[in-house]
Amino acid sequence: MSYGGDQTIYLTRSLFDKANGYQEHLLIMEEYDLVNRARQFARYKIFSKAAIISLRKYDNNSWFKVQRANYIPVQLFRKGIPQERLVAQYRKALKGIK
270 MSYGGDQTIY LTRSLFDKAN GYQEHLLIME EYDLVNRARQ FARYKIFSKA AIISLRKYDN
330 NSWFKVQRAN YIPVQLFRKG IPQERLVAQY RKALKGIK
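Quick note on numbering: the numbering used here labels position 89 of the sequence shown as 358, and the sequence is numbered without any gaps.
Don't take each hint at face value.
Said to hold, decoys possible - In silico DSBU-like links for lysine-lysine, alpha-carbon gap of 30 Å or less:
| # | residue 1 | residue 2 |
| --- | --- | --- |
| 1 | K326 | K361 |
| 2 | K348 | K361 |
| 3 | K326 | K348 |
| 4 | K334 | K364 |
| 5 | K348 | K334 |
| 6 | K318 | K334 |
| 7 | K334 | K361 |
| 8 | K287 | K334 |
| 9 | K318 | K287 |
| 10 | K314 | K334 |
| 11 | K314 | K326 |
| 12 | K348 | K314 |
| 13 | K364 | K348 |
| 14 | K287 | K314 |
| 15 | K287 | K348 |
If you are wondering where the hints come from, they were derived from the structure by calculation, not from laboratory data.
The task is simple: from the sequences and hints, build the whole structure.
Written as structure tokens, this is what we have:
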């Protein structure tokens, strides 16, 4: 499972607290980071129902381009690349992202 963007994450408050919540210093990849920490305490389930998400990224970018733009920061994050560089790479990869 990918833990990049464009997903809906449900956690109980107790699990959120146990995993120490969002790391406010992160500029990008905060959901990925939270899910990885939460997985230490609980299993996850993939719902079969669709979730409504914003399609703004797709207005100016192809599906493949968005998926690639989501994948690359994950790989860089895992390598410990600085947050500023991840944000710059993401913005460069997609049109219309501020």
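For each hint, the structure was consulted:
no., hint, in the structure
1, K326 <-> K361, "holds (13 Å)"
2, K348 <-> K361, "holds (19 Å)"
3, K326 <-> K348, "holds (25 Å)"
4, K334 <-> K364, "holds (10 Å)"
5, K348 <-> K334, "holds (22 Å)"
6, K318 <-> K334, "holds (24 Å)"
7, K334 <-> K361, "holds (11 Å)"
8, K287 <-> K334, "violated (35 Å)"
9, K318 <-> K287, "holds (27 Å)"
10, K314 <-> K334, "holds (27 Å)"
11, K314 <-> K326, "holds (26 Å)"
12, K348 <-> K314, "holds (27 Å)"
13, K364 <-> K348, "holds (25 Å)"
14, K287 <-> K314, "holds (18 Å)"
15, K287 <-> K348, "holds (25 Å)"
This entry does not satisfy hint 8, going by the numbered hints stated previously; all others are met.
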